[in-house]
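Protein chains: 2
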Amino acid sequence: MNTYFKGTVNIYKGFEIDIEDLPESNDVFVSKMECSISDWEKNCMEVVWLTIPESKNQLICTALSYGFQFHHTEEDRLILLKKMHPDAFVIPYASHYIGVGGVVIDDQNRLLVVREFYRNGSSAHYKLPGGTLEENEHIEDAVIREVFEETGIKTVFQSLVCFRHRHHFRFGKSDIYMICLLKPLNHEIVREKEEIAEALWMDVDEYLAHDHVHALNKEIILATLKGNHLLKKDVEGYPVDQAEYEIFLP
Amino acid sequence: MNTYFKGTVNIYKGFEIDIEDLPESNDVFVSKMECSISDWEKNCMEVVWLTIPESKNQLICTALSYGFQFHHTEEDRLILLKKMHPDAFVIPYASHYIGVGGVVIDDQNRLLVVREFYRNGSSAHYKLPGGTLEENEHIEDAVIREVFEETGIKTVFQSLVCFRHRHHFRFGKSDIYMICLLKPLNHEIVREKEEIAEALWMDVDEYLAHDHVHALNKEIILATLKGNHLLKKDVEGYPVDQAEYEIFLP
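Residue numbers (our numbering), protein chains in the order written: chain A, 8 to 257; chain B, 8 to 257.
None of these hints come from the bench; they were simulated from the model.
A hint or two may mislead.
It does not matter which identical chain is used: a pair holds within one copy or between any two.
[As the list claims (entries may be wrong)] Distance condition first, Cα-Cα at most 30 Å in a straight line; then the derived BS3-like pairs of lysine-lysine:
(1) K90 / K180
(2) K180 / K239
(3) K200 / K20
(4) K134 / K20
(5) K90 / K200
(6) K180 / K20
(7) K13 / K39
(8) K233 / K63
(9) K239 / K39
(10) K13 / K200
(11) K134 / K239
(12) K240 / K225
(13) K239 / K20
(14) K39 / K190
(15) K240 / K200
(16) K233 / K13
(17) K190 / K20
(18) K180 / K134
(19) K49 / K200
(20) K13 / K240
(21) K161 / K90
(22) K233 / K161
Work the whole structure out from these sequences, hints included.
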């Protein structure tokens, strides 16, 4: 019987315990841990990574008692780590949300705007349709999807206009709000009924003068009209999978 | 004795159990949970949020047995949630890493470049100095910090040149690499010794023709020289805390 945890060593001298090698039994877990720790020390590991699936959650408390700390979760598992010395380098986890907003202007110089149902204590105001990126979704695809979901307007991506970076957003993490210029392909609005109280085409000049529009949103429209946006481009010779990468250049 | 969990209701009809109201005892936890669940159902809660500090980790298994799921972790605590119906809306967690790279060109048309120690299986190549944002750090501050740490060159922020969006990066999350134009304030390089094998000023034309430079990096330099970048700006009338927000506009 192998009394050490099986696993692999990553490029940061991190030992990743093989999830298939996690026993059901707490006693076996303890016995393997006792053997392995001195081995990790001997081999100068920086960090030990331990993934506990929900089905073996009874091991969590024991792992914590051996100095493991929380790192992140996936839906059905908890990822823990043990620093082998106090200043060991730990790969950080994701730190940001990405949101998108669409500037959609039709051939009559009217802007597609929405008003959300009152929810957050702030007064009603007209904003750009948009939302949050889904897992591994491109910015281009997200803004087209969100504009369509909220307003029923189909669009073509034109350019990235500008963005806003904000800290201490949800759960203390940061947020980037990316604004994209889109060209509409249809005109008739089909409003999403759960979150959107109102969706309409509003004359651009009226929007820029409106009392219920935030100063930032007005600045975004002025920046859109000014031009000089970032375009989505492929880079010749850059070995990218189109589903994995998107590149925005001036 | 209060037999229900104390807590607050957020704007998404999510009940957040008061962390101060978590008992040490598993029996008390079970008894409060039994009482509270029917109460949450009666009050049409969408989701129940439960934060378990590491010091009370013995409650994790019990919480999971009541249908709680992993959501995310902080250093010393695990955040769980229970959907009150299968299609309940759950606030997502952070999805992205943000990295920065600095284009630093001196008055002799030379670019500041670094070569990292061999680590990742790819061949050696000259890249831009840079790194990952720290918690709640501005992009502007991060790129200045990283360039200084890796090369000893102090800089002033000029503009945001372009960015690259990439999926399935660390732990399956996505990554945005933001490229910034910086003006150098000194010339003498002090190389960081742990990760940087070489740091030097290289003629821009030599860099653009170099065999050991990625096509994307060459495109980034061409885009920098082309102009049309996004500038960092304050928006008049936008009630921002400068430490909390940064805005990039054309």
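Check each numbered hint against the structure and report the violated ones by number, ascending. 8, 9, 10, 13, 14, 15, 16, 17, 20 and 21
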